[in-house]
Amino acid sequence: MRNLLPLINSHPGGRSSLTCRFRCGDACFQEIPNTSDNEYAGDIIARAVSRRSMMRAAAVVTVAAAAGTAALTGPNAPQAEAAALAGHGHQPNPPHKPAPSGARGLRFPPVAPNKNDKVTVPDGYSQNVVIRWGEPILRGAPAFNPEKQTAKAQAGQFGYNNDFLSLLPLRGERGRQVLVANHEYTDEILMFRGYDPANPTREQVEIAWAAHGLSVVVVQEEHRTGKLGAVSRHPLNRRLTVTSEFRVTGPAAGSDLLRTSADRTGSRVLGTLNNCAGGTTPWGTTLHGEENFNQYFANGTTAEHKRYGIGTGATERKWERFDRRFDLAKEPNEANRFGWVVELDPYDPDSTPRKRTALGRFKHEAAEPRLTSDGRPVVYMGDDERFDYLYKFVSSKQMKKGTSRAAREHNLTLLDEGTLYVAKLTGDSPAAEIDGSGKLPNDGEFDGSGVWIPLATGTISHVPGMTADEVYVYTRLAGDKVGATKMDRPEDVEPSPRTGRVYVALTNNSDRGKEGKAPADEANPRNANKHGQILELAENWDDPAGDGFAWRLFLVAGDPNDPSTYFAGFPKERVSPISCPDNVAFDDHGNLWISTDGNQLGSHDGLFGVATHGDRRGELKQFLTVPTGAETCGPVIQDRRVLVAVQHPGEVDGASVEKPASTWPDGPGKIVRPSVVAVWRKDGRDIGV
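For what it's worth, the working numbering labels the leading residue of the sequence shown as 1052, then goes sequentially.
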């Protein structure tokens, strides 16, 4: 038997302390915001047994029909490929051997786990940096000079720490597409030479404000390769920052809970913060989740502030010294204006982005829509916090097809009216079979059923004791009251465009099972969960607007040699080791692509593809790794190209501008720069076929 891969235990989740400081305000070291005593999923498992037949008839069969048979066996993989998948250093697919086998779309030689200070891609593939932090994209913006940064310059340059990516078509401009990117957070220690965390300057703070937010930039494809490059100064190019104007729309717009001394209407907000993952709508807009917004606000004073993780003292970046709105002792409602899903029209550079209150307020990791059979959008969302919840929003309006002005104006109202739900999951195995070790129950799967509990519809609250405004602004508290299931950091949530099944990345939860914390349950089956899992959900009768679903764990991540791991029943000796799933996306073959954040298996983070159907269901292969200290974000999977956002390269404890931990992307002597990378096959053919 192979030895287990080495664990990295220096910090919860595998991240560096530096990353935790600047990305999420040391969330892992703070008191868990969810201290509610709502019913744990584990407490209701026993009651599920008596209803098993009924639930399976109504729901679980739906999953089986949608998913097909999960293969326990399959064709033998070449020995070299199997060795690379298992984490050995063998080089797969030497020239005299046949091309790699695998599910269609995943036929590439897997990248072995490594600690290379570069983007490592499969043999036969090439890459290029599409755009770096600081590259000018607006007219008049100067070339990047790390020693002469200014807020004015940064406001016209590509922002810092790119996360979510979307590539949209651009009609009438051959070979061009519109790239939209989130800029989640800034790490001032890696941005500014001689940075003093205790005493940031106003200029440094204003540069950071300008480096947050969103970028829209047109990119041009090189005709003979898959290489992409930014088209600077294109009319569609745009930067949105902490000082840009955003509209508040939907049922909570104008609420007293959103009014401040600077905005007595509760309908206009300056800026968007900590934009993590997102989504692309069928009507051609992009959605952006405001995640760890709590870390930017000082001097929290209320129970609601505490439930959202807002501290009672000063912040890491000290923004409250330079703008009173970040001091909640002076502006207690300002934090309520963040934590929303933002909708952006990338085709209209003069439009004002909108914060959609109907989708609730929490630490939004992502927001990915699908349509009902009658054309109403349904948006699935995760709240990226230990022991927080999974949500969905069902619109009451139908999408209009076409690109006419009337259709676009109508579709820009779709996310303002509908019903917001939170999920409650029930396992179908006896509680005694879920012991926290990750051992499969006797029926061979972690699975069960669930219900969507309505929270609010328009101005009507479904939560006793809370008004509709309170449900939307304090959505976490609404979830507490109705007994939603406490999950292991639900991050990106994506419905499959082929099957409609929904996949939920649950990154990790080192506090699962600790004294006074929620114990393991069938959806979150491991105590001290270091590696995370991916949940697969099928709506009853394939109706995304319905109120019931079936679920099962598709992957239980970690070293395949660890008995607690599970890969949809696929032979574990033939899969890549994976830890801490984060962002997910689909290719046209129905494969799920997974980027990781905080790998605890002794390798850099990476991007993986896994088959979700057929006799290779559960076959998982690593496609790339990112440089030292970096996280893999994005991703975008096209037929002939993969895009990833390489976030926070070089973010290693002790690193600084003066003492860099990485030389990526431009080599020794150059400042480390978060960037977007494109990968393609050298022979010009489709990825993985």
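Just so you know, the hints here were simulated from the structure itself, not pulled from any lab data.
Bear in mind that the values here come from a model prediction, so they are computed numbers and not experimental data.
Among the clues, some could well be false.
Unchecked claim - Computed cross-link-like contacts, PhoX-like style, restricted to lysine-lysine with a CA-CA straight-line distance of at most 20 Å:
{"no.": "1", "residue 1": "K1166", "residue 2": "K1710"}
{"no.": "2", "residue 1": "K1278", "residue 2": "K1623"}
{"no.": "3", "residue 1": "K1169", "residue 2": "K1710"}
{"no.": "4", "residue 1": "K1199", "residue 2": "K1721"}
{"no.": "5", "residue 1": "K1568", "residue 2": "K1169"}
{"no.": "6", "residue 1": "K1357", "residue 2": "K1166"}
{"no.": "7", "residue 1": "K1568", "residue 2": "K1532"}
{"no.": "8", "residue 1": "K1490", "residue 2": "K1369"}
{"no.": "9", "residue 1": "K1369", "residue 2": "K1357"}
{"no.": "10", "residue 1": "K1199", "residue 2": "K1710"}
{"no.": "11", "residue 1": "K1381", "residue 2": "K1357"}
{"no.": "12", "residue 1": "K1721", "residue 2": "K1710"}
{"no.": "13", "residue 1": "K1369", "residue 2": "K1381"}
{"no.": "14", "residue 1": "K1169", "residue 2": "K1357"}
{"no.": "15", "residue 1": "K1169", "residue 2": "K1733"}
{"no.": "16", "residue 1": "K1381", "residue 2": "K1490"}
{"no.": "17", "residue 1": "K1357", "residue 2": "K1490"}
Claimed, not checked - Using C-beta positions, here's what the derived DEER-type ranges look like:
{"no.": "18", "residue 1": "R1549", "residue 2": "D1247", "range": "29 to 37 Å"}
{"no.": "19", "residue 1": "E1367", "residue 2": "T1086", "range": "17 to 25 Å"}
{"no.": "20", "residue 1": "S1447", "residue 2": "D1401", "range": "23 to 31 Å"}
{"no.": "21", "residue 1": "R1190", "residue 2": "R1244", "range": "25 to 33 Å"}
{"no.": "22", "residue 1": "K1490", "residue 2": "R1225", "range": "17 to 25 Å"}
{"no.": "23", "residue 1": "E1709", "residue 2": "A1380", "range": "46 to 54 Å"}
{"no.": "24", "residue 1": "A1458", "residue 2": "D1594", "range": "18 to 26 Å"}
{"no.": "25", "residue 1": "A1380", "residue 2": "D1690", "range": "52 to 60 Å"}
{"no.": "26", "residue 1": "G1599", "residue 2": "S1447", "range": "15 to 23 Å"}
{"no.": "27", "residue 1": "K1369", "residue 2": "D1717", "range": "47 to 55 Å"}
{"no.": "28", "residue 1": "K1452", "residue 2": "F1373", "range": "44 to 52 Å"}
{"no.": "29", "residue 1": "D1494", "residue 2": "A1457", "range": "33 to 41 Å"}
Don't be surprised by glycine CBs; every beta carbon is placed ideally from N, CA and C.
Evaluated hints:
{"no.": "1", "hint": "K1166 x K1710", "result": "holds, 19 Å"}
{"no.": "2", "hint": "K1278 x K1623", "result": "violated, 35 Å"}
{"no.": "3", "hint": "K1169 x K1710", "result": "holds, 18 Å"}
{"no.": "4", "hint": "K1199 x K1721", "result": "holds, 14 Å"}
{"no.": "5", "hint": "K1568 x K1169", "result": "violated, 39 Å"}
{"no.": "6", "hint": "K1357 x K1166", "result": "violated, 38 Å"}
{"no.": "7", "hint": "K1568 x K1532", "result": "holds, 17 Å"}
{"no.": "8", "hint": "K1490 x K1369", "result": "violated, 46 Å"}
{"no.": "9", "hint": "K1369 x K1357", "result": "holds, 19 Å"}
{"no.": "10", "hint": "K1199 x K1710", "result": "holds, 19 Å"}
{"no.": "11", "hint": "K1381 x K1357", "result": "holds, 17 Å"}
{"no.": "12", "hint": "K1721 x K1710", "result": "holds, 11 Å"}
{"no.": "13", "hint": "K1369 x K1381", "result": "holds, 15 Å"}
{"no.": "14", "hint": "K1169 x K1357", "result": "violated, 40 Å"}
{"no.": "15", "hint": "K1169 x K1733", "result": "holds, 18 Å"}
{"no.": "16", "hint": "K1381 x K1490", "result": "violated, 51 Å"}
{"no.": "17", "hint": "K1357 x K1490", "result": "violated, 35 Å"}
{"no.": "18", "hint": "R1549 x D1247: 29 to 37 Å", "result": "violated, 52 Å"}
{"no.": "19", "hint": "E1367 x T1086: 17 to 25 Å", "result": "holds, 24 Å"}
{"no.": "20", "hint": "S1447 x D1401: 23 to 31 Å", "result": "holds, 29 Å"}
{"no.": "21", "hint": "R1190 x R1244: 25 to 33 Å", "result": "holds, 29 Å"}
{"no.": "22", "hint": "K1490 x R1225: 17 to 25 Å", "result": "violated, 56 Å"}
{"no.": "23", "hint": "E1709 x A1380: 46 to 54 Å", "result": "violated, 36 Å"}
{"no.": "24", "hint": "A1458 x D1594: 18 to 26 Å", "result": "holds, 25 Å"}
{"no.": "25", "hint": "A1380 x D1690: 52 to 60 Å", "result": "holds, 53 Å"}
{"no.": "26", "hint": "G1599 x S1447: 15 to 23 Å", "result": "holds, 19 Å"}
{"no.": "27", "hint": "K1369 x D1717: 47 to 55 Å", "result": "violated, 30 Å"}
{"no.": "28", "hint": "K1452 x F1373: 44 to 52 Å", "result": "holds, 47 Å"}
{"no.": "29", "hint": "D1494 x A1457: 33 to 41 Å", "result": "violated, 52 Å"}
Checked against the numbered hints above, the structure violates hints 2, 5, 6, 8, 14, 16, 17, 18, 22, 23, 27 and 29; every other hint is satisfied.
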